[in-house]
Amino acid sequence: MILVIAEQRDGKLNRASWETIAAAQQLASGQPIAVVLPGSGVGSVATELSAAQVKEIVTIDHAALEPYTPDGYTAALQPAIEQLSPTMVLLPHTYQTRDFAPTLAARMDRALITDVTAIKNVGGDAAFVRPMYQGKLAADVVPLGPGPHFITFQIGAFRADQAAKGSAAAPVRPLNISVDAAAIREKPDAPFQEVRQAVDLSQAERIVAVGRGIKGQEHLPLAQQLADALGAELAASRPICDSGWLPMERQIGSSGQTVAPKLYLALGISGAIQHVVGMKGSRTIVAINKDADAPIFEVADYGIAGDLFEMVPAIVAELRK
Amino acid sequence: MERETLDVDVLIVGAGPAGLSAALRLAQLRKAAGEALSIAVLEKAREAGAHMLSGAVLDPSSLRDLVPDFEARGAPLATPVREDRVYFLTPNGKLRFPFTPPPLTNHGHYIISLNKFVKWLAVLVESEGIDLFTGFAGADLLMDGERILGVRSGDRGVGKHGERKASFESGVDIHAKVTIFADGVRGNLTKELMRRLELADADHPQLFAIGIKELWEVPADRVAAGTVIHTMGYPMRVEEFGGGFIYAMPEGRLSVGFVAGLDYQDPIFDPHVAFNHFKRHPLVRGLLEGGQMVRYGAKALPEGGWYAIPRCYADGALIVGDAAGFMNSMRLKGIHLAMRSGMLAAETAFEAIRAGDTSTARLHQFETKVDEGPIRRELYPVRNVHQAFEYGLLAGLAYSAFSLVTGGWWFRPMRAQPGHARMKTLAEFYGRSGRAVPGEATNAIKPDRRLTFDKLTNVHYSGTRHEEDQPVHLLVHTDVCHSICTEEYGNPCQRFCPASVYEMVAADGGGKRLQINASNCVHCKTCDIMDPYQVITWVPPEGGGGPQYDGM
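For the record, the sequence lines run as chains A and B.
FYI, in the numbering used here the residues of the first sequence are 1 to 321.
FYI, in the numbering used here the residues of the second sequence are 1001 to 1552.
To be clear, the hints were calculated from the coordinates, so they are not data collected in a lab.
Please note that the accuracy of each hint is not assured.
What the hints assert, rightly or not - Result set (DSS-like, lysine-lysine): computed pairs, CA atoms no more than 25 Å apart in a straight line: (1) Lys215/A to Lys1160/B; (2) Lys215/A to Lys1446/B; (3) Lys1119/B to Lys136/A; (4) Lys1446/B to Lys290/A; (5) Lys1446/B to Lys136/A; (6) Lys215/A to Lys1512/B; (7) Lys136/A to Lys1116/B; (8) Lys187/A to Lys1165/B; (9) Lys1512/B to Lys280/A; (10) Lys290/A to Lys1512/B.
Small disclaimer: the values here were computed from a predicted structure and weren't measured.
Model the full structure from these sequences, guided by the hints.
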């Protein structure tokens, strides 16, 4: 059996859990899949997950799991995994997973492969592809030793909309696990948001991103018009945010957000590798840049070597027709 | 404001080869004497070794004394040197030295990754129960008159404009009977200490160079593991000091680097451009083509030698390693001297604390130990060599040969001026018009992104990361930039920085302004050293930030 550990917060499912279910389905080849959902008061999320084509949804509903703590999750998930004895445990590579998965794997003395971007078949074994050296190399890793093996999947590596849905709702089964609340050493404060009204670009389906080629803050409305016409979010490469023309949370790249929208439109972005690592997973990349040699064209599906100040108004006009 | 304080017997600032050797030696002495002695080590990198960059070829002499059973304890010395080659390069050709000059003979030495080596040392140190505070930079000296009381670590969680964020934590005051400064080349605290106590000799300022290095993976049959190649000549001009190196490790891993003296005269010179020209030379291109660059880094190194070493002891303080300049520029080696100086400082500090006297007079013993031991034996005979290169490559080589015969004698200690003072203005170097006409070597090439890279791409492979929302850690008096510096030197910061930190961009309302891309900084310290007006001060960014030199 393959186990997926879904993630929710305050009764809201993290979309990346669907991506992990999609990965599990690709990996299953006949093995049953179960989804474990830890938390407190997770009934509605379990119902949402039961649409997936899986054997069952197993909930661990316990007051000690709210709010999230690494101790609580480790204490709850270890006995659950031992009870279900899967061959593999799959998780989305979220901040929360990064926080507790290493402890959990170490506690159980099992292999953990993180930030996986694809699954390969190497001589009959599943090999997990993960980036090394900031994505310059991709390593194929085959876990050894006794199972279950822990695998975490990079956000955007699998597509949530490709997770197969079942013909009927999967059964939801509560698992009775006792968690000793007194053994939880962490006392989390309420989560704070450093930046108010933060946009979550990783959830955007379409993004229009601007770079140095936009020349001045006064030209941003032009990009905004295009974004509005496309129903897209506005984002930027580093120099734009450094200049304060757009807030930092709209920065895409190694020091900003990593995104994988359906459409990524890059305006006047040269394509420095720091930017590309944050958007190369986009399904369709369109680049407009004056310099035909700009590295952005190496990752673009469609490229226009031309002046964005001529191109963008023309595209906006066409979209508005 | 209330600050946390911590009291220890010995505080070591910097977990490099010098600092960790000091810590390990102290632990050994503590154990042998059966005494209690509290030791703390501060390190600005997120983990020990992350900011370590060197060629590197290790002379194991100090290691043998510090950890006699280093092989059994798994020291990462995978590659003994098997062959030395020295070439003189011309733009398209090469001339192999018929014999290897004695200082460049590496028989019995090892090609190492300093990153891995220091990680290994850190494990030994921690297993002795010593606290290694990684992710904490030493930000300020704590002094009472001329006495060094300890160090204040940097605040965390300070925003761009100096405001306190929700995550704010104030720095900790660490008080120590003896503080050992091992903060590396142009260490920010050592620089301040030398200024306040006037420890340096004005006639013999430290001279620096910048080393730029990439780690490559090439087909394993290109060059045998254990091969050490050094080059002179192209792309440097005769009046410039510098050269390339290629060290071959197993499985086709190559350390490829270039060292350029930070005493060049041409304001248009760019060490990174020189490095790219070096890689395009047929000798290097032939080794790298078809391979992959996997890591990048840059770091300054102290080249001044014996006379440039400042007074390394003060009331309650000792200075060791690159911070003091214990480096042999003729052998291109300093790790073993850093380690040795750390060990001697540990012995000095231990004896002083036992005697209950950590004054200047007592810690002076450090100098005695340096003078009577292997450090002076190695550095004194080459005391004038780097200074001789100020007169050009030919004079330098001639004097190097001469010094091998005479034991380094010259009529008087050769004086030098600081490297930044040798940089000429555009008008002085390129004539009255002041229009720079770059020579072949300084002519920037368009990187092909296979063999040669632009700085920004390279920075990506240094793994450098900083908390983005923090004050700029490069303090620059920017008034001179767009006016006088543009005219006199053409803003050389844009060129000597190997990480695209400095950029002149169009200012609102016309003209140009300096933009500091502080989060690109690889902590090499070149700007602090080479800026012709000396208006750049490097201070540590929030602890944990900086490069991630895995395998370098």
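Against the structure, the hints:
1. Lys215/A to Lys1160/B: The hint holds at about 24 Å.
2. Lys215/A to Lys1446/B: holds (23 Å)
3. Lys1119/B to Lys136/A: Given that 25 Å is the threshold and the Cα spacing comes to 24 Å, the pair holds.
4. Lys1446/B to Lys290/A: holds (17 Å)
5. Lys1446/B to Lys136/A: Holds - the C-alpha atoms of Lys136/A and Lys1446/B are around 21 Å apart, at most 25 Å.
6. Lys215/A to Lys1512/B: Holds, at about 14 Å.
7. Lys136/A to Lys1116/B: Holds, because 21 Å separates the two Cα atoms, which is no more than 25 Å.
8. Lys187/A to Lys1165/B: This hinted pair holds, its Cα atoms lying about 20 Å apart.
9. Lys1512/B to Lys280/A: violated (33 Å)
10. Lys290/A to Lys1512/B: Distance ~22 Å between Lys290/A and Lys1512/B Cα, so the pair holds.
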